[in-house]
Amino acid sequence: MQLAAYIPVWVTIVLSIGFAGLLMLAAMFLGPKRDTAEKLSPFECGMDPIGSPRARFSVKFYQVAILFLVFDVEIAFMYPWAVNYRELSWTAAGTPSAFGFGVMAAFVAFLGVALAYVWRKKAIGWD
Amino acid sequence: MSQKILDRLLEKFPDAVLSTSNFRGDEVAIVKRERALDVLRFLKDDAECLLDMARTVTAIDWLGRDGDRFEMVYQLYSITRKHGVRIKVPVPEDDPTIDTCTTLWPGMNWAEREAWDMYGIKFRGHPDLRRMFMYEEFVGHPLRKDYPKEKRQPLIRREGMV
Amino acid sequence: MQEPSKPPVPVLPGVPAQRTVVLGQRGAQDLDSDGLPTEPMKINMGPSHPAMHGTVRMVITVDGERIRDADIQLGYMHRCFEKESEYATYTQIFPYTDRLNYVSPLCNNVGFALAVEKALDITRKIPERAQYIRMIVSELSRITDHLTCLGASSMELGAFTIFLWMLKAREWLFTDLEEVTGARLTHSYVRVGGVVADLPTGWIEKVRDRLTRVEAVIDECDQTISGLRIFRDRMENVGPFTREQAIAWGWTGPALRSAGVDYDVRKDAPYLFYDRMEFDVPVGDRGDCYDRFMVRMIEMRQSIKIVRQCFDQMKPGDVIVDDGRIALPPKNEVYNSIEGMINHFKIIMDGIRVPPGETYSYSEGGNGELGFFIVADGSGRPYKLHCRAPCFYVLQTAGAQIKNALISDIVPVFGMANYIAGECER
Amino acid sequence: MGLEFTTTKMADAIAWARKFSLFTYPFVTACCGMEYMSTAGPKYDVARFGAEFPRFSPRQADLLFIVGTITEKMGPVLSRIYQQMAEPKWVVAFGVCACTGGFYQNYNTMPGADQVVPVDVYIPGCPPRPEQVLDGLIMLQERIQKHEGHSQVRYREEQALANKQEALAQIRLPAAGK
Numbered sequence: 001m002q003l004a005a006y007i008p009v010w011v012t013i014v015l016s017i018g019f020a021g022l023l024m025l026a027a028m029f030l031g032p033k034r035d036t037a038e039k040l041s042p043f044e045c046g047m048d049p050i051g052s053p054r055a056r057f058s059v060k061f062y063q064v065a066i067l068f069l070v071f072d073v074e075i076a077f078m079y080p081w082a083v084n085y086r087e088l089s090w091t092a093a094g095t096p097s098a099f100g101f102g103v104m105a106a107f108v109a110f111l112g113v114a115l116a117y118v119w120r121k122k123a124i125g126w127d
Numbered sequence: 001m002s003q004k005i006l007d008r009l010l011e012k013f014p015d016a017v018l019s020t021s022n023f024r025g026d027e028v029a030i031v032k033r034e035r036a037l038d039v040l041r042f043l044k045d046d047a048e049c050l051l052d053m054a055r056t057v058t059a060i061d062w063l064g065r066d067g068d069r070f071e072m073v074y075q076l077y078s079i080t081r082k083h084g085v086r087i088k089v090p091v092p093e094d095d096p097t098i099d100t101c102t103t104l105w106p107g108m109n110w111a112e113r114e115a116w117d118m119y120g121i122k123f124r125g126h127p128d129l130r131r132m133f134m135y136e137e138f139v140g141h142p143l144r145k146d147y148p149k150e151k152r153q154p155l156i157r158r159e160g161m162v
Numbered sequence: 001m002q003e004p005s006k007p008p009v010p011v012l013p014g015v016p017a018q019r020t021v022v023l024g025q026r027g028a029q030d031l032d033s034d035g036l037p038t039e040p041m042k043i044n045m046g047p048s049h050p051a052m053h054g055t056v057r058m059v060i061t062v063d064g065e066r067i068r069d070a071d072i073q074l075g076y077m078h079r080c081f082e083k084e085s086e087y088a089t090y091t092q093i094f095p096y097t098d099r100l101n102y103v104s105p106l107c108n109n110v111g112f113a114l115a116v117e118k119a120l121d122i123t124r125k126i127p128e129r130a131q132y133i134r135m136i137v138s139e140l141s142r143i144t145d146h147l148t149c150l151g152a153s154s155m156e157l158g159a160f161t162i163f164l165w166m167l168k169a170r171e172w173l174f175t176d177l178e179e180v181t182g183a184r185l186t187h188s189y190v191r192v193g194g195v196v197a198d199l200p201t202g203w204i205e206k207v208r209d210r211l212t213r214v215e216a217v218i219d220e221c222d223q224t225i226s227g228l229r230i231f232r233d234r235m236e237n238v239g240p241f242t243r244e245q246a247i248a249w250g251w252t253g254p255a256l257r258s259a260g261v262d263y264d265v266r267k268d269a270p271y272l273f274y275d276r277m278e279f280d281v282p283v284g285d286r287g288d289c290y291d292r293f294m295v296r297m298i299e300m301r302q303s304i305k306i307v308r309q310c311f312d313q314m315k316p317g318d319v320i321v322d323d324g325r326i327a328l329p330p331k332n333e334v335y336n337s338i339e340g341m342i343n344h345f346k347i348i349m350d351g352i353r354v355p356p357g358e359t360y361s362y363s364e365g366g367n368g369e370l371g372f373f374i375v376a377d378g379s380g381r382p383y384k385l386h387c388r389a390p391c392f393y394v395l396q397t398a399g400a401q402i403k404n405a406l407i408s409d410i411v412p413v414f415g416m417a418n419y420i421a422g423e424c425e426r
Numbered sequence: 001m002g003l004e005f006t007t008t009k010m011a012d013a014i015a016w017a018r019k020f021s022l023f024t025y026p027f028v029t030a031c032c033g034m035e036y037m038s039t040a041g042p043k044y045d046v047a048r049f050g051a052e053f054p055r056f057s058p059r060q061a062d063l064l065f066i067v068g069t070i071t072e073k074m075g076p077v078l079s080r081i082y083q084q085m086a087e088p089k090w091v092v093a094f095g096v097c098a099c100t101g102g103f104y105q106n107y108n109t110m111p112g113a114d115q116v117v118p119v120d121v122y123i124p125g126c127p128p129r130p131e132q133v134l135d136g137l138i139m140l141q142e143r144i145q146k147h148e149g150h151s152q153v154r155y156r157e158e159q160a161l162a163n164k165q166e167a168l169a170q171i172r173l174p175a176a177g178k
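Protein sequences appear in the order of chains L, F, S and H. Residues 1 to 127, numbered by the numbering used here, are exactly what the first sequence covers, in order. Residues 1 to 162, numbered by the numbering used here, are exactly what the second sequence covers, in order. Residues 1 to 426, numbered by the numbering used here, are exactly what the third sequence covers, in order. Residues 1 to 178, numbered by the numbering used here, are exactly what the fourth sequence covers, in order.
A couple of the hints might just be wrong.
Lysine to aspartate or glutamate pairs mimicking DMTMM-like chemistry, simulated, CA-CA at most 25 Å apart [claimed, not checked]:
#	chain 1	residue 1	chain 2	residue 2
1	S	K42	S	D63
2	S	K42	L	D48
3	S	K118	F	D26
4	L	K121	S	E339
Now the stretches of chain H that chain F is said to cover, found in silico as 3 or more residues with beta-carbon under 8 Å [what the hints assert, rightly or not]:
#	stretch
5	74-81
6	112-125
7	148-155
Calculated directly from the structure, the hints in this document are not laboratory data. We put the CB at the ideal spot given by N, CA and C, even for glycine.
Chain L on its own, in the form it takes in the complex (with noise of 0.2 Å):
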């Protein structure tokens, strides 16, 4: 098991988590802390806050971005296979084939089953 081809997807991980991690901890301790009342209160566009930010809002939202991620998700495995479409559609003996496309033909027909689905049922627009 190839653990060391790997190594690539390991360091990109520790550099990113690393980044952001020093970031936000550099910003937490760095960072003057000068908290006045007014300063916390939520910006209403420069009015007293109405009601509690902890409000119930409408499951609709909720909806919404999960529909959202999953075709997002659809997008972001799009990303590999189009890098790395040329050898995908050539077999080692040199011939083209379909295989390439077929794969991601297949995965989008799945997803487009259920975009059709979600279309139908309306959950996509908003009322």
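Here the structure of chain L is known, so what remains is to put chains F, S and H in place on it, guided by the hints.
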């Protein structure tokens, strides 16, 4: 060209119309306060006049004039007939109230709120008569002649600022 | 199924009597109800908000994204135009009128000058060239008004390039108007009886070529954005208004024309030389934001046509009425002759004496019918000066337009109402 | 030398970075807004000074651009937004109405925004030409570099006060010990 509106007014409301005049081409009719709403309704619905657009509603503060201190001014116009007239209604100082005309022209809702805010004339039957521009804590009606121009009522000042 | 006896559902104080559910107690009607019960939330789109153009406070009661009720509060930019003008002479009021609708300041100047001239009854004595110059500068100012309104609204809907292109065209017009009036924005160029100074030499050729380039920018923006699917979806039937509603609510200008009423003061009650001009008035049909956008887009082209006709018909002549009681005498006369000095002193010190009386005069401003109601008492200062602000009445209906609309519809409605704080709150 | 040398150099370096990356909160109310558009527009591009990025939330802004007339009703709004901004923060009064109320001397116009918030740079003009605005911005950048902004001075005073109290506390401790 809208002299015929004044003639119709005189013939329909001889008691309500106090006087009519024509200054620089503007036809003006001064109407008693009690009959003001009927006159306005007539002007709006009558086939001859059909004043379907009220341009603006404002008030004049004749401080120091004998007789009624305030005077409501209705500037009316008809888009189809292309003529217009100005109706003025004297309002006494001790009881500065008048019927609202938002039932005839809903567009005058804010104009009346501004007249209330600036001159202190109450409009009976107005949907929500609140101050149009000034803040609730403001005392007095600023456009009245006896309100000094620079009398501020500050809500907030930095320490050390007057 | 026997109805389980359950305690009455308590109504929370302060929240309007809407069907309120306490978690965990599901009544029978909740199971088969179409939507899940929601509670309205009050949101504060306060004065300092980009979509509110900085000075309108709106408290909206929102059910998720759907707006149930909107209460618009003004007053954050009330600069007491009417109180200030009661303490200023007629000539001193011109700078205040610049700052009413500061997007098309010259239309205000011309409107106020016409009102005072009507009160003085000298409308026919204004020299021809002054009237042509007034028409030219107010039409150029109208173009800058529409450029700013369309540019800012497109930017608020995401089309930042349209904003930059239109701002580029507006900069050209600002520099041209600056050559004539001396200021980019607050010109105070018009006076009672005429204008301050004649057009600089060679200005007309420069503006002729400039207008062709402005027209090219307008066409470019029109082709880019007017047909855009996303843009049309955001603008079409957002805040539609019928003819009767528009007239009843006092709409005028591009808003009223988008609702299907072809009322334009330049056509219905022509002032200056608009009756000699040949231009047409665009009229929409649904009265929604898209129609208001297109009406303004077409109106800009008509204004360019008017300016070109003015250039062709204009002849040299003096630019202000030569009446000592109204117009300041030329400078050499002021220093070299007693009458000139007396005239100059009288006009500056106690203003132009307007005979007692009340007049209402109106002209076509950037947003619609701009009226000035002057009560004169014979002194050099008006006893009362009321300004009919066109966007005051269009904004009044913004609450009704966005009822049952989505929160994102607030932006086009406010953009197309072309709410200008100075004019709306005077 | 030691810490002071680095801290002063470090503070100057940070000030240099801050002055060229001002995030402005455009508190736009009146006619000066049109000139603000032109300043941010293509011809007088304020992006050359790094101050072009408008942030419509006081949390993410460090420069409060007060553009236009401030009325009495707007006073509390302006004061709250100023207090909700994170230090260090600067305030520029754009136009004569924000500086002194301009030629609106009446019951609802506040005679200048400094009645409510401490202003660092005043840009006169009604409206000021875009070049004037850029000149005002350069003046502000010099102030930032020299650490003379109101919030910077206040921060230094508070540090000095804290250090003094700390020093006082140390002196008293041994006496209690004896």
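Cross-check of the supplied hints:
| no. | hint | verdict |
| --- | --- | --- |
| 1 | S/K42 / S/D63 | holds, 9 Å |
| 2 | S/K42 / L/D48 | holds, 12 Å |
| 3 | S/K118 / F/D26 | holds, 10 Å |
| 4 | L/K121 / S/E339 | violated, 86 Å |
| 5 | 74-81 | holds (count 3) |
| 6 | 112-125 | holds (count 5) |
| 7 | 148-155 | violated (count 0) |
Consistency note: the structure conflicts with the earlier hints numbered 4, 7.
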